[in-house]
Each structure stands twice: as structure tokens, then as C-alpha cells.
Amino acid sequence: MTGHDHQHDSSLSPTELRVKALESLLTEKGLVDPAALDILIETYENKVGPRNGARVVARAWTDPDYKKRLLEDGSSAIAELGYTGRQGEDMVVLENTPSVHNLVVCTLCSCYPWPVLGLPPVWYKAAPYRSRAVIDPRGVMAEFGLVLDDDVEVRVWDSTAELRYLVLPERPAGTDGMSEEALAELVTRDSMIGTGLALQPK
Amino acid sequence: MPVLQADKVTETLRRGGSARVDADVPARFAPGDRVVTRNINPLGHTRLPRYARGRQGVIDRDHGVFIFPDTHANTGDPKPQHCYSVLFTARELWGADASPRDKIYIDLWDDHLDPADG
Amino acid sequence: MNGAHDMGGMHGLGPIDPEENEPVFHAEWERRAFAITLAMGAHGAWNLDMSRLAREKSDPAVYLGTSYYEHWLHGLEQLLIEHGFVTAEEIESREQEILGGAK
Chain A
1 MTGHDHQHDS SLSPTELRVK ALESLLTEKG LVDPAALDIL IETYENKVGP
51 RNGARVVARA WTDPDYKKRL LEDGSSAIAE LGYTGRQGED MVVLENTPSV
101 HNLVVCTLCS CYPWPVLGLP PVWYKAAPYR SRAVIDPRGV MAEFGLVLDD
151 DVEVRVWDST AELRYLVLPE RPAGTDGMSE EALAELVTRD SMIGTGLALQ
201 PK
Chain B
1 MPVLQADKVT ETLRRGGSAR VDADVPARFA PGDRVVTRNI NPLGHTRLPR
51 YARGRQGVID RDHGVFIFPD THANTGDPKP QHCYSVLFTA RELWGADASP
101 RDKIYIDLWD DHLDPADG
Chain C
1 MNGAHDMGGM HGLGPIDPEE NEPVFHAEWE RRAFAITLAM GAHGAWNLDM
51 SRLAREKSDP AVYLGTSYYE HWLHGLEQLL IEHGFVTAEE IESREQEILG
101 GAK
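In the order they appear, the protein sequences are chains A, B and C. Read left to right, the first sequence gives residues 1 to 202 (the working numbering). Read left to right, the second sequence gives residues 1 to 118 (the working numbering). Read left to right, the third sequence gives residues 1 to 103 (the working numbering).
One chain only, chain A, in its complex shape (with noise of 0.2 Å):
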């Protein structure tokens, strides 16, 4: 849309009609480039997203050497599978164990890796799970049906700065010879925040 096209429209929302304003304004100071805008929203809209992180994921539970770099050295170990860039420069990897388990969350804002699991949820950067994955995290993954035993240490990873955080869940039992591709399915968004677990093969 530019300038010289406005659609007369009194449906709008104000804030529908807000963007609209915004977008018309840059567009035609020739400060945004629409053609750009379009590429950054199907980036995040169809290209980039969890399946990136579920790929490192089943990497890590097939090859033991990948595994371990993933852990030391984040950012590398990630780019070696091509996933780099904005809200990912600096990547730390949380092993869950038997007897640890990591949960992350951004108290202050929204901060999430977007190049292993895109754009976050609503539910990640709203309220109500800022304000309580800090103080009852059991309590929180409880809500999305994960309830863990006492005896398991949970760790909150607070994302306060530019360091972003992917959990590696626990393998699951009985998936024994199955092919990277296929454990890669296993691998949900919620089990690589730590609000769930990877999922039992069928």
C-alpha cells in the first residue's frame, strides 16, 4: 500500500489502523521496502521454526561426538547443521537428564532462539508464564501436563541477556536403530523449552 492508494475502511481496528498508517507512511518515505517486508514475514511464517531445533535434537541422540560439541560450544555445533542468525547468535544447550530438568523462559521480555524454533508462542511471551515459570515451575509444567517426580532438580534458565537457550530433551525409551529423520518427529517445540518431553514412539 502507499499513499496514493489508501483503502477507506472504518472496519479497522485502531490498531489494525495504526499499522496500516505506519506502514503507508515509511513505504512512502521509501524507508521500509515492502518486498522486504514480505520476505521477513514468510521467513518466520513458513521457513524458519522447531523443526530446525528437532533436527539438532535427534543429531545429538544419534551421534555421540555432535552431541558433545552441542553442549560445549552451542552456536558452532548448530551452525554446522546451517541454523544461524538473528535471536541465535549465542546459543547455550541445557541437557535433560534422569535427574535434572531445564526449563527456560524470558521474565523481561520474549527472548527465544528463533533460528532452532522460530518465532515463539503466544503463551511464551505473555503473563501469566513469565510471571510464574520463575517461582512455580512445577507448578507451570504441571498446566502442560508434565509433572516430574520431587527427587528431579528443575532449573529455570532466566533469559535476561543475549544468550539463548535450547533444551535437549531425553531420548525416549524404545527407540532403540530408529533413523535421525524419524526420532527427529519425536522432538516437540514445548520438549526443547522444557515444558514437555519428547514424545513416546507409536
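None of these hints come from the bench; they were simulated from the model. Worth double-checking, as some hints may not be accurate.
[Unchecked claim] The list that follows gives simulated cross-link-like pairs (lysine-lysine, BS3-like), each with its CA atoms no further than 25 Å apart:
#	chain 1	residue 1	chain 2	residue 2
1	A	Lys-125	C	Lys-57
2	B	Lys-8	A	Lys-29
3	A	Lys-125	A	Lys-47
4	B	Lys-8	A	Lys-47
Following the hints, position chains B and C against chain A.
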């Protein structure tokens, strides 16, 4: 900087922009050091959350030297310094009713921390 | 600043209520607000920490009552005006044009 053009979007996103700084800034703390967070209440931006001010923790790992957002947001000064994962017990942050096992890790910078006594 | 964004440990903000098979965006304006924010950030007139501060400066009652992309939109608008890319008057008059008012 110029307008972000369509043919530059993918490359720009893939490159990103790390806040890590290649500077030789000495670390004030090492993993295992006991620290106490400062009690600060600035009117501007800070990455030290209210729930973790004036609390004792332990340096878990040193992430290296990063831009310091507390100054970067307010004046543009990057003031590069070490950023650490600092481990707090749930009981230190939330009191005796909290789980005795659970831990909270918060990323904090040198300017948020002082050595804990004893 | 001790704003509404710094919410670790607060109570009473409701259930988490995750949405099944959630889409990346929930409305066209979210797509555009997201992309405009990234594209304008690329000018380098402000850094990412300044963007965060601009969102944090919202009225606490408004912050708690609005969605994530509304926070982004609010922050973007403040920065655009502060850095002289647009004026509040230009925004207002463009809105009137879109609504079919006086041009």
C-alpha cells in the same frame, strides 16, 4: 544505514548481530565464586530483575564479554563486560516454602554483582 | 525501570492456556508490525536494547492489558517519532485518510 532491501533480507537475518564483544576485558568473577546482586532501581533499562536484587548466588559459567544493555539502552554506551550465568537456589529467591532442589539461573553482568562475604 | 514488564514472581495473572497448533501470526496486522519493526531496526538509528526500553516504558496497566505485538507496535511508534522518521500528526492524518476522512 540504508533501507533494508528485499534481496538483502535473508543474508541479514542469517548474519544476525551478536552482542558478544571481542575485547580484552578482565572478568571480576570465576565459576564457583559466591556473589551478591546489587540492589539497584534505575529509572532506565536494566537486565537485573526485581526478584533477584540483593540476593546471593554462585557464578555457574562465564559467557564471555558482552555489550551491557543497562547502559546500551539508555545512552548507547556498550560498556563491554563479562556476562555470567548466576545460579540461585529457589529458596534464596522465594523463601523457605520453595522447593529445596530447584534452581534459577539468571544471566547477569559484572556491574550487577559484588563478591559475597564469607 | 520497575515496570510491568519485570514480572518474574508476580501472582494472579491467570492460566497459561497454550493454544494447540498455534499459527505463527494471528492477524495480518501482526505480520506487518513484526516486519516493519525488523526493517526499521536495520536502519541502525536505535539498538535492540533501546527497542526493549521503548516497549518497557508503556503504562503498566496498558502493558498488562495488551498483546505482544501491541507492545512492539507501541515501542516502534515511540522510536519512529523520537528519531524524527514520522510525526504524531502525520500518523493521525494518515489514519484519517485511510478512514476516508479529509485528505
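Tested hints:
1. Using a Cα cut-off of 25 Å, the hinted pair A:Lys-125 and C:Lys-57 holds, with the two alpha carbons roughly 17 Å apart.
2. With a C-alpha separation of about 19 Å, the suggested pairing of B:Lys-8 with A:Lys-29 holds against the 25 Å cut-off.
3. Under the criterion of a C-alpha separation no larger than 25 Å, the hint pairing A:Lys-125 with A:Lys-47 is consistent with the structure, at around 21 Å.
4. Distance check on the hinted pair: B:Lys-8 and A:Lys-47 sit about 16 Å apart at the alpha-carbon level, within 25 Å; holds.
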